[in-house]
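The task is simple: from the sequences and hints, build the whole structure.
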Amino acid sequence: MMAASKPVEPQSGSGLPRWQLALLVGTPIVLGVGAVYLWNRSRTKEKDGKEEDEERKAPEGSASPVQGQRNAPNAEQENMSPLDRAQAAKNKGNKYFKAGKYEQAIQCYTEAINMCPKEQKSDLSTFYQNRAAAYEQQSKWTEVVLDCSQAVELNPRYVKALFRRAKALERLDNKKECLEDVTAVCILEAFQNQQSMLLADKVLKHLGKEKAKDKYKNREPLMPSPQFIKSYFSSFTDDIISQPLQKGEKKDEDKDKEGEAAEVSESSGYLKAKQYMEEENYDKIISECTKEVESGGRYTAEALLLRATFYLLIGNATAAQPDLDKVINMQDANVKLRANALIKRGSMYMQQQQPQLSTQDFNLAADIDLRNADVYHHRGQLKILLDQVEEAVGDFDECIKLRPDSALAQAQKCFALYRQAYTGNNPAQVQTAMDGFEDVIRRFPKCAEGYALYAQALTDQQQFGKADEMYDKCIDLEPDNATTYVHKGLLQLQWKQDVDMGLELISKAIEIDNKCDFAYETMGTIEVQRGNLDKAIDMFNKAINLAKSEMEMAHLYSLCDAAYAQTEVARKYGLKPPTL
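Numbering-wise (the working numbering), the sequence shown opens with residue 1 and increments by one.
Any given hint could be a false lead.
[Stated by the list, open to error] Straight-line distance between alpha carbons at most 30 Å, and here's what the computed DSS-like set of lysine-lysine pairs gives:
| no. | residue 1 | residue 2 |
| --- | --- | --- |
| 1 | 291 | 230 |
| 2 | 211 | 140 |
| 3 | 284 | 473 |
| 4 | 548 | 515 |
| 5 | 473 | 515 |
| 6 | 401 | 446 |
| 7 | 176 | 535 |
| 8 | 272 | 515 |
| 9 | 121 | 572 |
| 10 | 572 | 508 |
| 11 | 205 | 215 |
| 12 | 535 | 217 |
| 13 | 535 | 213 |
Quick caveat, the hints were computed from the structure, so don't treat them as lab data.
See the structure below:
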């Protein structure tokens, strides 16, 4: 399902990755429409990343000999203090470094280290760091780590040495220790240096992907909550398999029983599965569909699609794909079944970060079933995720033309227009989009999604009181929708800095749906902000066990690893950022 159960986060938006919510302790929690925390927020320096990186590559200290020592006679040099001689050797090394003569530079820095009095810790740490910079130019990563470690031991909060060691550790594929170093750097620099933040993001993504690949493959399939499943199916209107049992699908003797649950023949696994759907007995659906498929029954195509859908819902895309492929290639099958299979395979590809394959499937679905509103509705959501807002609006318009009563498409069109105006910094268009939301909730007062998306836009516009009212209307319409409670909880934090109320609402979400991964993720993020890192890690682990895709699991591992790295940094260096 692409229907918005979480804030839509365009791939090319300006927000920071969400892992930084697990590191940016003491900064405001802003989970509005996609933009969580802006890259340039609180950056006081106007340097670009290249300047910062060049500055870090260079050794420290003057490249010229100490003033007055250029042509000093040997006798005078002998009268210099050991520290002055060490400084002179370092300066000579800097000159060689700038000339690209790294071996000579290393010899000079080694002389400086050997001559420097051991009690001169600050100077000695600089000499080690400079020698590490020269080793870095020679790609001698083990030597870089050793020298930076000496520098950090002498000067525990030495940012240049920590960052240089982090880069070398990454080269040595020691991601865990690299992450700890770069986390310390981020905190010491108050998240104002893009280079260290980019490295942290890169390492966390790699760690998350590595862990998720192994864990997701071996995970126990888990059926989502009934509320989630119903919400998923409600995002389709042209979906044969989610419709109630039709008269023709009932046993002959049941056809006259108006209003009664159909008793279906044991011989039809598909019809039995449909009955289980109506009873919300979801765990039995896959096995019944398998019976239909294996017996070659008349509902084989429907059974394959229903089985694939539930494989997707339990996060088993590997099992779902062959079933979807078969339905798509059944030229004699109902075109609505084939289009629905294409929509679901396209959504699966998007989850797997294969947008080209996803787009191909949606386009093929539109080609074979031109008047299928679901195709345009779900393709519109895909286009929002790809930040192709104008195309998204076109698709939502097509969906609305085919189904004028589609409140969901109307609301999501407003949201797409709002995103476009907001990111383009166009106040007039923002107001037009907000007026559009007002029109949607007036015409479709029973559409909870309309209120939810409007609330996210209002939060962006800092109209917190009205956003709160919209979430209350959502809750009135769908009291069992856990996600709404999470959003309302986040709003209390942003609006009133009321942590207790925020946590109370998110706890309520978990009480309603103990499989709501978004609630555990958000609570973990807040606990990091409060400095309760062990509890945060516990929440992230709960969310990991509920992740519906490998990509989502990788993201959650990134959050968990960011929190864990912070606990290690706090233990090693006594670096505890301010908390809520």
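Quick rundown of the hints versus the structure:
This hinted pair checks out: residue 291 and residue 230 have alpha carbons roughly 24 Å apart, not beyond 30 Å. For the given pair, residue 211 sits about 28 Å from residue 140 by alpha-carbon distance, which is consistent with the 30 Å threshold. With a C-alpha separation of about 35 Å, the suggested pairing of residue 284 with residue 473 is violated against the 30 Å cut-off. Distance hint between residue 548 and residue 515 is fulfilled; the C-alpha atoms sit about 11 Å from each other, no more than 30 Å.
This hinted pair checks out: residue 473 and residue 515 have alpha carbons roughly 23 Å apart, not beyond 30 Å. Between residue 401 and residue 446 the alpha-carbon distance is near 20 Å, which keeps this suggested pair within the 30 Å criterion. Between the alpha carbons of residue 176 and residue 535 the distance comes to roughly 20 Å, so the proposed pair stays at or under 30 Å and holds. In summary, the hint linking residue 272 to residue 515 is supported, as the alpha carbons are separated by about 26 Å, within the 30 Å threshold.
In summary, the hint linking residue 121 to residue 572 is supported, as the alpha carbons are separated by about 19 Å, within the 30 Å threshold. Simply put, residue 572 and residue 508 have alpha-carbon atoms about 36 Å apart, too far for the 30 Å limit, and the pair is violated. As the CA atoms of residue 205 and residue 215 are separated by approximately 15 Å, the hinted pair is consistent with the 30 Å bound. Restraint check for residue 535 and residue 217: satisfied, since their Cα atoms lie roughly 26 Å apart, inside the 30 Å limit.
A distance of roughly 25 Å separates the Cα atoms of residue 535 and residue 213; the hinted pair therefore holds under the 30 Å criterion.
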